[in-house]
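If you want the building blocks of each chain, they are given just below.
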Amino acid sequence: MTVYFLCLVLFCIGLYCIVRKRNLIKIIIGIAIMEYSVNLFFILIGYKIGGRAPIHSSDQTILNMVDPLPQALVLTAIVIGLAVTALIAAIAIRVYEKYGTFDITKIRKLKG
Amino acid sequence: MTRILLPLFVVIPLGAAFLNSLIGKRIKGFSDVLSAIATCALACISIYSVFIFKDTGLIVYKVGGWIPPMGIAMVMDGLTVFMLVTVNLVAFLISIYSISYMEKYTEKWIFYCLFLLMVAGMNGVIISGDLFNLYVFLEIAAIASYALVAFGTEHEELEAAFKYAVMGTVASSFILLGIAFLYSVTSTLNMADMSLEIAKGGSPRIIMLVSVFFLMGFGLKSALVPFHAWLPDAHPSAPAPISAMLSGVLIKSLGIYAIARVFFNVLGTSPQVLSALMILGVLSLIIGGCLALGQWDFKRLLAYSSISQIGYVMLGIGLGTPLGIMGGLFHLFNHSIFKSLLFLNSGAVEYATGTRDLQKMGGLREKMPVTSSTSLIGSMSIAGIPPFNGFWSKLIIIAACVQAHHFAYAVWAVLISLLTLAYFMKVQRYAFFGELKERLSHIKECPFFMKFSMISLAVLCLAGGLLLLPGVFDSFLGAASDAVLAGKDYANVVFVAIR
Amino acid sequence: MKEQQKGMTIIVKTITRLTVGLILLFGIYIVANGHISPGGGFAGGVIIALSFIHIMLAFGKEDAFKKMNQGVASFFESIGAIIFITLASLGIAGGYFFLNFLSKGEPFKLFSSGLIPLYNIAISFKVGAGLFIIVVILMLFKITKEDEKK
Chain A
389 MTVYFLCLVL
399 FCIGLYCIVR
409 KRNLIKIIIG
419 IAIMEYSVNL
429 FFILIGYKIG
439 GRAPIHSSDQ
449 TILNMVDPLP
459 QALVLTAIVI
469 GLAVTALIAA
479 IAIRVYEKYG
489 TFDITKIRKL
499 KG
Chain B
698 MTRILLPLFV
708 VIPLGAAFLN
718 SLIGKRIKGF
728 SDVLSAIATC
738 ALACISIYSV
748 FIFKDTGLIV
758 YKVGGWIPPM
768 GIAMVMDGLT
778 VFMLVTVNLV
788 AFLISIYSIS
798 YMEKYTEKWI
808 FYCLFLLMVA
818 GMNGVIISGD
828 LFNLYVFLEI
838 AAIASYALVA
848 FGTEHEELEA
858 AFKYAVMGTV
868 ASSFILLGIA
878 FLYSVTSTLN
888 MADMSLEIAK
898 GGSPRIIMLV
908 SVFFLMGFGL
918 KSALVPFHAW
928 LPDAHPSAPA
938 PISAMLSGVL
948 IKSLGIYAIA
958 RVFFNVLGTS
968 PQVLSALMIL
978 GVLSLIIGGC
988 LALGQWDFKR
998 LLAYSSISQI
1008 GYVMLGIGLG
1018 TPLGIMGGLF
1028 HLFNHSIFKS
1038 LLFLNSGAVE
1048 YATGTRDLQK
1058 MGGLREKMPV
1068 TSSTSLIGSM
1078 SIAGIPPFNG
1088 FWSKLIIIAA
1098 CVQAHHFAYA
1108 VWAVLISLLT
1118 LAYFMKVQRY
1128 AFFGELKERL
1138 SHIKECPFFM
1148 KFSMISLAVL
1158 CLAGGLLLLP
1168 GVFDSFLGAA
1178 SDAVLAGKDY
1188 ANVVFVAIR
Chain C
3 MKEQQKGMTI
13 IVKTITRLTV
23 GLILLFGIYI
33 VANGHISPGG
43 GFAGGVIIAL
53 SFIHIMLAFG
63 KEDAFKKMNQ
73 GVASFFESIG
83 AIIFITLASL
93 GIAGGYFFLN
103 FLSKGEPFKL
113 FSSGLIPLYN
123 IAISFKVGAG
133 LFIIVVILML
143 FKITKEDEKK
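Residue numbers (the working numbering), protein chains in the order written: chain A, 389 to 500; chain B, 698 to 1196; chain C, 3 to 152.
Be careful, since some hints might not be right.
As the list claims (entries may be wrong) - Where chain B lies over chain A, by a calculated footprint (3+ residues, C-beta under 8 angstroms):
hint, segment
1, 414-422
2, 438-451
3, 480-494
Calculated directly from the structure, the hints in this document are not laboratory data.
Don't be surprised by glycine CBs; every beta carbon is placed ideally from N, CA and C.
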C-alpha cells in the first residue's frame, strides 16, 4: 500500500514542477518525472507476492509469475514518453533561439 | 469479406505517411497526389461503411486472429460509423485545400507526413475496441498535432505549440493513470469485458476516481471550460488547414467521442456524472461566447467560438435523453463542417491579404467573391439561421433541454446563440463588407483547390438538414445515438458479434 | 595536436574505438533474440543508435557523419516503417490483419515463432535511425541570443 502512495507522491512532485517552475527545461523535467511515475504505478499493479519475472525458460517450469500485461503496456508508454520529451525539447530549443530566454514569464506574445 | 474494411482505416494513412517520407522529398508533387488519393480512398470507404453497417449490424474485427478479450479487437458500431464519416470527409477536403495553401511553407512532404499520421491516429481512436489501444492512437494523433502547430516555426507558433504540448502531456498522464486504476479493478483492457466487470459492482469509489481522471484528461483534449486555455493560442497559430483540422475534427475525435464511449458504454453514467458534463457544457457555452465577442484577430475569434460550440455538444450529450444525444451528435457533425469552412476562409483571407487582424481588412467582397459568399453561408449556419444545418441541431438541443426540464440551460443556450450571431456579423462587417482599403486593391481570389474545398463544404452546410429525413436518419444519426444510449448493452452486443 | 581539440580527450577516443563495435554487435544480438529473452525491437534499436551516437560524442560530428549520415538514417527509418506495415498487411491475405503466418517452429530456437523476429528487425531499424536523427538535430543547434527581445 505504501508503494502506491509513494508513486502518487512522485506524480504530485512532477505536477508541482510543471506548474510552479519558471524555466522551460525544468518544466520538461517535470513532465518526465510525471510520466515515469505513472509507468511505475502501472507496473506495480501487476505484482504478485512471491512471483518472479514472466520469462519462459527452456529448462525450468515456472508456476508463479507476475502479470506480464502491464509490462508490455508500459513498454509502449515509455516510448510515447520518449517521443513527447524529444519533441518538446526541440520546441524549447527553437523557442530559445527566437525569444532569447528560457523564462516563461517573458515568453508572452500571445495574449487576450 | 467486408470485415477487411476496419483495419484499412489505419493502414492506408500510415502507409501513405511513410511512403511520403521515403519518396516525397525526392520527387516534387508526389506527396500532394499521394495524400489526396489516400484521403479520397478513406472518405469513400467510410461512406461505404455506412451502407455495410446498415446491412450487417455491429462488426468486430479480431486482430491477428486472437479472440478477444485475449486479443485486440476493432469494433464498428453506429457511433463509430458516424465519427468515421465526419473525420474522413473533412480530412479529404482539407487535404485538397492544402495543395495550394502550403506552397508558402517549405517542405511540403513533412506536412503531409504529419497530417496523414494525425488522420491515422484519429481513425484508430474511433475504431479501437480496447482502452489501451485508444490511448496509443490518441497519443499518435496528439503528438502529430503538437508538431503541426509548430510547423511554421515563427515566434507565436512555437510558444503556442509548447503550451499545447505541455498541457496535452499532463492530460495524457491523467488518462494513463485512470487506465491503470481501471486495470487494477477489472484486470482486463477490452472495453466490452470491462463494462461487464464494472457492472458487477464492487468498487464504486475507485470508479468515481477514474471518472474524475478521465473527465480531466479527455476534457482537456476536447477543450471544456476549465481546461480550455491551450485552444485560443494553439488554433490561431497553426497554418489554416491545420487549424481547420484541429478545431474541426481533432477535439471531437479525441475528446467528445472518447468521453461518450468511455462514460456511456464502459463506466456507466450516474446522474452526478451527467450533471457534471452538463455544467461543464454550459460553462463552455457562456465563457467561449463572451470571450469571442471582444477579439479582433479573425482566427482567435473562431477558436473561442469553437469552445462555445463544443459546449453545445457537451450539453446535448450530457442530457442523456435520446433527443439530447441525437442533437449533440448532429451538432458535432455540423460543427465539423462549418467550423472547417470558416477556418479555411480565414486561411484564404490570410493567403490573399497577409493579415489576420479584422481592423486592417475591409470590403473583401468585391475582390474575393467565392470566399465571402462561403463565409456568409458558414456564419449563418453557425449562428443557427434556418434553413442551414446549424439551425436544426441547435433547435433539437434546446428542445431536449426543455423536455428534460432544465429551463435555465435552455435560456442560456438561446442567449448565447444570439451572441454567436452578433460576433459573426461583426466578422462579416469588418472583413467582407465595407469599403476596400487602399493597400488591398491588388489582391485576387484564391487558387482552384482552395475554392473547391470551400465550395464543397458550403454545399454540405446547405444539405446538412437533409440528414433528418426519415430514410437517411435511421442509418446515420439514429444509429449513432442508439449506440451511445445502449450503454452497458454495448458489451452484450459485442460478445454476440464475436462468435 | 589537432586531433585533441575536436571531440573529447584521447582516453575517451581510444576506449571508443575499442568498444563501439561491441556495442553495435550487442544491440544486434538483443534484436535477434527478442522472441526468446527480454529486449526485442525497441531496446535493441536504442542500443544500436547509441553506438553511432557514441562516435558522435567522442569524435565530433564530421567523423560520425562519415559512418552514417542523415540521408541514410532517414532512408532506414522510412524503410523500417514500410516493412512493418507491409508485413502486417500481408496477413490480410491469410484472413486477419497481423496474422502470424510463417511456421512457428519449436520454442526457444532462434528461427521460431513466425513473423515476430521480422517485426523486431523492422522496429529496430526505425527506432535506431529515429533516435540517431533526434540526437543529431538536438546537437546541431548553435544557440545564439536573438538581438530583439520581445
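Hints and how they fare:
1. 414-422: holds (count 3)
2. 438-451: violated (count 0)
3. 480-494: holds (count 5)
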